[in-house]
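Peer 1: For reference, the chains in residue letters:
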Amino acid sequence: MKQASDELSLEFNRLIERAEQISADVGDEVEEILALDDTHLLSAVEVKDLLDKVVKAVERRIAVVGDRKRMATKLQALVDELVQAREKIALPLAAENGNVELIEMKGIKPRPVKPTPVFHTREVPLMEGYVRTRDINLWDSNERIEIHLQQFNRKHGRKPNPQELLDIMFCHLKLDGVPEEDQFKIPPLARSIAANGLRKPPIISRTGKLLDGNRRVAACYYILTSDEFSIEQKQRVEYIMMWQLTEHSDSEDEDAIIVSLNFEDDHKQKWPEYVKARKVYEQWEAAIATDPNASPRRLLEIRREISKRFALGPDVADVTRYIKMVTGANEFEDYHIATKKRDRYEVKHKASEYFQYFDELAKGESPGKLAYELGKKEEFKHLVFELLYTDKFKNWKQIRDLRFIVDNDEARGILNDAAAVNWRTKEELEDVQEKVEDALAMGRTKQAEQRLLGKNTRIETFVHWLLDLPIGAFQDPNQIKPENIRRLHNALKFVDNIIGQQLFPAPEVERE
Amino acid sequence: MDEATTKDPCGELERAAQAARAGDPVEMVRSLYASRILDKLAFRIHREYFGKLTKEDIDECLAEAVADAFQTLSRGEPINFLVAYLLKATRNMACDLAIIKPEPMSDELADGLAADLPRRTIAERHIRDDLRVAALAHARRLLPLIGQENIRRVMEVILDAIEQGVVDLTDARIAELTDLSEETVRRLKNRALQRLRHQAELAGFDLNQYQVLDEDDRPFISDNEEI
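These protein sequences, in sequence, are chains R and A.
For the first sequence, this note's numbering gives the first residue as 10, with consecutive numbering after it.
For the second sequence, this note's numbering gives the first residue as 212, with consecutive numbering after it.
Simulated from the structure, these hints should not be mistaken for lab results.
Note that the structure is predicted; figures quoted are calculated from it, not measured.
Here a beta-carbon is modelled for each residue, glycine too, at the ideal position from N, C-alpha and C.
Hints are supplied without guarantee of correctness; some may be wrong.
Which stretches of chain R does chain A cover? Using the computed rule of at least three CB atoms under 8 Å from a CB of chain A, they are [what the hints assert, rightly or not]: (1) 22-34; (2) 55-66; (3) 79-89; (4) 492-504.
With these hints in hand, go ahead and build the complete structure from the sequences.
Peer 2: Written out as C-alpha cells, the structure reads:
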C-alpha cells in the first residue's frame, strides 16, 4: 500500500471535515445560539467594528457602481444609528452607583471578619457575606490594566463601560499593540475556580467597587458566560463570598488594602513544574495500565480527562507536554542513577532544575529533528544528558540547536571534550560553556551552508532536467499528468511574478 | 432603533431574508442586527476559535458570510435557514483562515534560524489549492468502494457541493438531488463519511494520526496561576 504524503493526508482530512460541516444538521446548535441571553451582546465599540466590516463586505457584492455608492451612504448611516442604539442600552451588569448589600447564603449570614484583617500595618474592619457576581463591577482604575484603560480612553474619548472592561480582561477587545495571547490568563484562572471554588474572597467597597480580586471576579464572569463550564459550575459562582468595607471605612482603608494586596508579595510559592508534571504523569500511567490496548482516540480521551481533573482546561496540550517531559526526565534519571551510579536525589534535583529542557528535548519527532535523532542515537543522547547534568548548557535555547550537530563529527568531538571537563570555579564553567556554544555555532553555520547549497542544486537539477524533456512528453498524459502540467504552470507563473515585480521591475515609461 | 423592544428574533430573521431577496442590504443588516444574531454568532465562533483567531478575524468571516447570504438571496437562490447558513459559512471561513493564517511568532521561534520559520507564502497557497483538488479527486476515486449506489450518490452530491463552494447542504436538498427520502439521506450521510474515511485510511491516508496530532500541536497555554 502506497502511503499518501502528510500534506495530502492533512488535506483529505480537511475535506472530510468540510463534508461533515456543510452537511451537518445544526438545528440544535442554532436553537442554542438563539437562546443565548443578552450577556453575550457586543459592546458599542465591537458592534461598530463588526458592522463596518459587514457593510464593506456587502458593498463589494453590489454589482452596479451607482447602486453601490448610494447604498454605501445609507449603510453608513445605518451603522451610526445602530451603534448609537447600542450605546444606550444598559448592560445587565451592576448599577454604577448605590451600595451593594451582602446577603445570606448557604446558612452564612453577613458577619464581621474575625480576627480583623491587617493591611499594610493598618487594621481594617471588614464584613463577609455573599454577593451576586453580576452586581460587582470590575474596578476601572485598576493599575493592572492602566495602560489599556488610557489607550481605550484615547481611542474612544471615554472610559470603557463594565462590559468593555470585561472584554479587555478576556482579551476580546483588540487594542493596538496588545499581544494576541491571553494577557490576563482569565480562562486558566476560571478553570481553577471552577475546579476548586473561590478560595480567597475578593474585597469590595460599600458601593461595590472592587479593591482586590479583579481577575477572580472576571474569571467568575468568564465561567458564567462560557460554554466550557457546566450548569453546576456556573451556579457555584453566581453568588460569591466577598469581604466588604464597613460604613465606617475611609479612603485610607481602601488605600491600605490596595497597597497591601497588590504591591506586597505574599511570598506564596508555586509548586515546581516538575512536581506538577509528575502528578499528571502518575495519573496517565495509572490510566494506561488499566487500558493497555487503548486506541489513539481513547488515549486522547484519557488525556482530556486528566486535563480536566487538574484544571488544565479542555485542551490536552499541557497534559501531552507534561507526559513527554516526564518521559524524558525519567530517561535522564535512569541513565545517571543506573549507568553513571550517581546519587538518586542529586539526580532528581537536577531533573527538576532542568525540567524545562526536557520540553525542548522532546520536540521534533520526524527524521532530522531532535527528538527523533536522540531516539535513534543512544550515544548522542547520553552525551546530552551528561552535559545537562554538569551544567554545561548556558540556556535551554541551545538544546534546539543540537539537531544541527547530530551528524557533525567535529562539533560532537568538541561536545565530548566539554562533557569530560570537571569544572570547579565559575570561570572554568564559563569556559566550558563557551566550548559548547562553539560546537553549536559550528552546526548552525554548516546547516545554513547546506540549505543554501541545497536550494541552488535542486533548482539547477530541475531546470536542466526540464529543458531536456522532449516536448511530446507534455502532450502524453501517460507520461505527464495534466494536473501536474497545471501545477508546473502555476509554479512558473509564480516565479515569473517574482522576477517581474521584485527582482527586475519593469522600467518606467518615459513621459514626453 | 429601540433595542429593548427586540422581542422577535425569528421574525427579524425572516425580515432580513426578505430584504435580501428584494436586494435591500440596508434592511437586511438592520433586521439581522435587531435579531441579535450577529452578536450571538460573533460570540459563539470567537469562543470556538479562541487563541487561534482574533475577534477581528471572526468579524471578517461573519461579515463575509452575511455578504454571501445577501448575494445568494438577492440572486433568487434559496437559503433554507438563514442562521444555519451564517453559522456554517462563518465557521467554514474561520476554519480556512485558521489554516492559512501565520502562527504568531514566539520568542523561541524568533531566536531560531529565519529559514525555519513557518511562513505561508503565495506558493504554499497555490500548493494548497492543488492539494485540495487532489484530495477531491482521490475521494471520488474511492467512491466505488464505499458501498452501494445510494450511499455513493449521497457522497457524490456532498463532494460536488464542496467543489462548488456550497456552504449549507441540507438533507432535504441532498434528498432532492438523489431522489431519496430525507430519512434515508440522514442515515446514509454519516455512514458514507465514515466509510470514505475508512477507505482513505486503507488507501494510505494517515487520518487518525493527523487528528490526534492536530489536537496535541495546539499552542501551549502557560500554567494555571494561583488564585
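Peer 1: A separate judgement is required for each hint: does it hold in the structure or not?
Peer 2: Status of the hints after comparison with the structure:
Remark: the stretch 22-34 of chain R is confirmed as covered by chain A, as 13 of its residues place a Cβ nearer than 8 Å to a Cβ of that chain, reaching the required three. Requiring three or more residues with a Cβ within less than 8 Å of a Cβ of chain A, the coverage given for the stretch 55-66 of chain R holds, as 10 such residues are present. Check result for the stretch 79-89 of chain R against chain A: holds, 4 residues qualifying (beta carbon to beta carbon below 8 Å, three or more required). With a threshold of 8 Å between beta carbons, the proposed coverage of the stretch 492-504 of chain R by chain A holds, since 6 of its residues qualify and at least three are required.
The earlier numbered hints are all upheld by this structure, with none contradicted.
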